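2 protein chains.
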Amino acid sequence: MKTLVDIARTGKSTSLIGKIAKKENIDKKLLIKLISEGKVVIPANRKRSIKSPCGIGKMMRVKINANIGTSSDNIDLRGEIKKLKTAIFFGADTVMDLSVGGNIRKIQNSILAHSSVPIGTVPIYEASINAQKKYGSFLRMSKNDIFDVLKTQAENGVDFFTIHCGITKKTLNCLDNYPRLMGIVSRGGAMTARWIRKNKKENPLFEYFDNVLKIAREYDITLSLGDGLRPGTILDATDRPQIAELKLLGMLAEKAQKNGVQVMIEGPGHVPINQIKRNITLQKKYCYGAPFYVLGPLVTDIGLGYDHISAAIGSGIAAAYGADYLCFVTPAEHLKLPDIEDIKQGVIASKIAAHSGDLARGSTQAWAKDKMMSIARKKRKWQKQIAMSFDPEKARMGRASSIPKVKDACTMCGDFCSMKLMDGK
Amino acid sequence: MKTLVDIARTGKSTSLIGKIAKKENIDKKLLIKLISEGKVVIPANRKRSIKSPCGIGKMMRVKINANIGTSSDNIDLRGEIKKLKTAIFFGADTVMDLSVGGNIRKIQNSILAHSSVPIGTVPIYEASINAQKKYGSFLRMSKNDIFDVLKTQAENGVDFFTIHCGITKKTLNCLDNYPRLMGIVSRGGAMTARWIRKNKKENPLFEYFDNVLKIAREYDITLSLGDGLRPGTILDATDRPQIAELKLLGMLAEKAQKNGVQVMIEGPGHVPINQIKRNITLQKKYCYGAPFYVLGPLVTDIGLGYDHISAAIGSGIAAAYGADYLCFVTPAEHLKLPDIEDIKQGVIASKIAAHSGDLARGSTQAWAKDKMMSIARKKRKWQKQIAMSFDPEKARMGRASSIPKVKDACTMCGDFCSMKLMDGK
Chain V
2 MKTLVDIART GKSTSLIGKI AKKENIDKKL LIKLISEGKV VIPANRKRSI
52 KSPCGIGKMM RVKINANIGT SSDNIDLRGE IKKLKTAIFF GADTVMDLSV
102 GGNIRKIQNS ILAHSSVPIG TVPIYEASIN AQKKYGSFLR MSKNDIFDVL
152 KTQAENGVDF FTIHCGITKK TLNCLDNYPR LMGIVSRGGA MTARWIRKNK
202 KENPLFEYFD NVLKIAREYD ITLSLGDGLR PGTILDATDR PQIAELKLLG
252 MLAEKAQKNG VQVMIEGPGH VPINQIKRNI TLQKKYCYGA PFYVLGPLVT
302 DIGLGYDHIS AAIGSGIAAA YGADYLCFVT PAEHLKLPDI EDIKQGVIAS
352 KIAAHSGDLA RGSTQAWAKD KMMSIARKKR KWQKQIAMSF DPEKARMGRA
402 SSIPKVKDAC TMCGDFCSMK LMDGK
Chain H
2 MKTLVDIART GKSTSLIGKI AKKENIDKKL LIKLISEGKV VIPANRKRSI
52 KSPCGIGKMM RVKINANIGT SSDNIDLRGE IKKLKTAIFF GADTVMDLSV
102 GGNIRKIQNS ILAHSSVPIG TVPIYEASIN AQKKYGSFLR MSKNDIFDVL
152 KTQAENGVDF FTIHCGITKK TLNCLDNYPR LMGIVSRGGA MTARWIRKNK
202 KENPLFEYFD NVLKIAREYD ITLSLGDGLR PGTILDATDR PQIAELKLLG
252 MLAEKAQKNG VQVMIEGPGH VPINQIKRNI TLQKKYCYGA PFYVLGPLVT
302 DIGLGYDHIS AAIGSGIAAA YGADYLCFVT PAEHLKLPDI EDIKQGVIAS
352 KIAAHSGDLA RGSTQAWAKD KMMSIARKKR KWQKQIAMSF DPEKARMGRA
402 SSIPKVKDAC TMCGDFCSMK LMDGK
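So the sequence lines, in the order shown, correspond to chains V and H.
The opening residue of the first sequence carries number 2 in the numbering used here; numbering runs sequentially from there.
The opening residue of the second sequence carries number 2 in the numbering used here; numbering runs sequentially from there.
The hints are simulated quantities; they were obtained by calculation from the structure and are not laboratory data.
Among these hints, one or two may not hold up.
Any copy will do: because identical chains look the same in the list, a pair fits if it lies in one copy or spans two.
As a list, the in silico EDC-like pairs of lysine to aspartate or glutamate whose alpha-carbon atoms are at most 16 Å apart [claimed, not checked]:
1) K285 <-> D416
2) K134 <-> D416
3) K395 <-> E342
4) K199 <-> D424
As the structure is a computational prediction, the values presented were derived from the model and not from experiment.
From just these sequences and the hints, can you work out the full model?
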């Protein structure tokens, strides 16, 4: 069966392409071209119908992803569905289910059933947990165990897979030769590295990448090539292991593109402000125009409890320089499994970063919003400002908690409201 | 009497210079040189002894300011003292008292008495309020009314003054010729503009800038040249009125420096990410090396309720490119007078931005912190991580609310903690 890329390469459109072109206010032919070149992806498993699909990549508005999912300490399906709905309500364009606790299958199916946005997973998690149950350790999982999970999840409708195929004997060798402070901080990356070292075998997702592509083609799944060697501290940022893996992911991205499979590249992690531009430039250089999906990045390691802010700074800059897709970071990062409030805070911080990136990239849709808000502010149209905010309930409560004597001003300036002063000229 | 700049220009040190050199881990002679050139200021009224003074400018760590103060809607001296203490507790390097409600004199004296950090004010506020009481309108205040307040506040120990001397007949003319969406959004700027237009006279703080310098010299007060024409929406950013005022402020800064008066320049405001670098470059070009004090900047206008995050993005970038001093923005911005929780959130967001800027600028002190945190993280030293965070109480409560079965991991990953997995190799 033809994939979206195959169809785009014939110059034809689909209803999905039409929908995205309209949403992004972009010419359909141009969008078809971008998809055919691998510069835009639209994650959508052909088995699933997504109410709110999204385009990720060049000339698209910057998208954000929210991670949800159980852990062995915290298994609450209803809670996860609430997180899903919270994330979507506050504007997550996609959601990843990173569950590693409880009945993964049941949780994933429920999330897929409840989600109006594309859903991504990291199949190695389910494979590891199955192997732990079956053999007592995830280190004993076989190549087939891994690919069985890929097939099951594909069949169930997952829209995009994070595949840690950049952790290989060679890149691990690079890590040994160029030691870093934090080693591997990616969960899937660490699992894969342990597996390779224990079994003295190559990473099946790399060795049998053709099988990955086959499954991706069959269900039209978008691949997100995971950065298992992403820096987990700014001290490791942009080091040799990270770049060695990025180059490898670039080669695999090219292969996916040639096979008509949609593909994007995951990026760091922890990066100081002055290295972010370079990280984007390197990704663009090595990865054949594949969209860049950055995980933050956090611009400092010391923001514990406020990492959504450290990440918003990094995400805003990354988006301005060309990152296409931002993974949110919550205030719970490095601390605990996020709760619903954490999810909300993470999504809003990430939305602000994405929107700031859109503005910097000259999105007319984004600039129109800021103009509308500013006019409402100048005219002291408070209800309009509140309605336009990322979290109208919070803004409404804020204003209600502090009512000014001068009705159309606020309690900051009262009579000395600069807008009012200037109106009186 | 000699000012700090006068003394530095003789090559001599003072106990204040010694203290700052030690704090910043910088050679005393180099610091003396930077002060003599006007590239570093140390706000400290000679009438006041400050427990925690700070250096602002080149080669200093990036500093942050928190604004507190009453409004006509909200007059609570005890509340303001609590805000002061909260701001200092979470790391504000300076505090500005922007009170425009109640007994300004009493509030300011109390804040000065309670503050361990430098205190700044905007004297035109008190002058306006006095005039409103005396004449029924601030528009009737005289030149002498303004300078009387400067003298009183100087005598009482205020360490730095924001002076809106960039609002002049000429710059207002520029504003008329190049209309913008939001006009004037600076409170002091709007008051001054109204006064000039109503009285058809020049801005006394510009016309009699020599008098300002005289008072500043007498008390060794640092001047912060306010940007009354700062953009209040990204649509107005970097426009002609803003730059016209910046050039004028640069000329006045040079005059202050020649007179041995410490001076810094205030900057925007609302600026999209892609224009921040240019704003810093222009300030450096026009302002003779005077430290740059940016108000955020907010990178989008639509963050109502979360403007501390919009500002953290802008502040981090500005600091990385060379801004020296960041004015915090709270979640209450554009909405209401901030409460104590708002002050806390604003300070922490701004501290993260300042620290990220320090990292980008290569501060060894800053990098040492991130290294220490990362080592604690790798070793799962939870108490150390919590103690090092910006808000240990929040981090402690976060962890306590979600206790992992695997004691040294967290509830995000449990057994699959990448740090633990990699330790097991």
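Legend entry - Hints not upheld, ascending by number: Hint 1 contradicted; others consistent.
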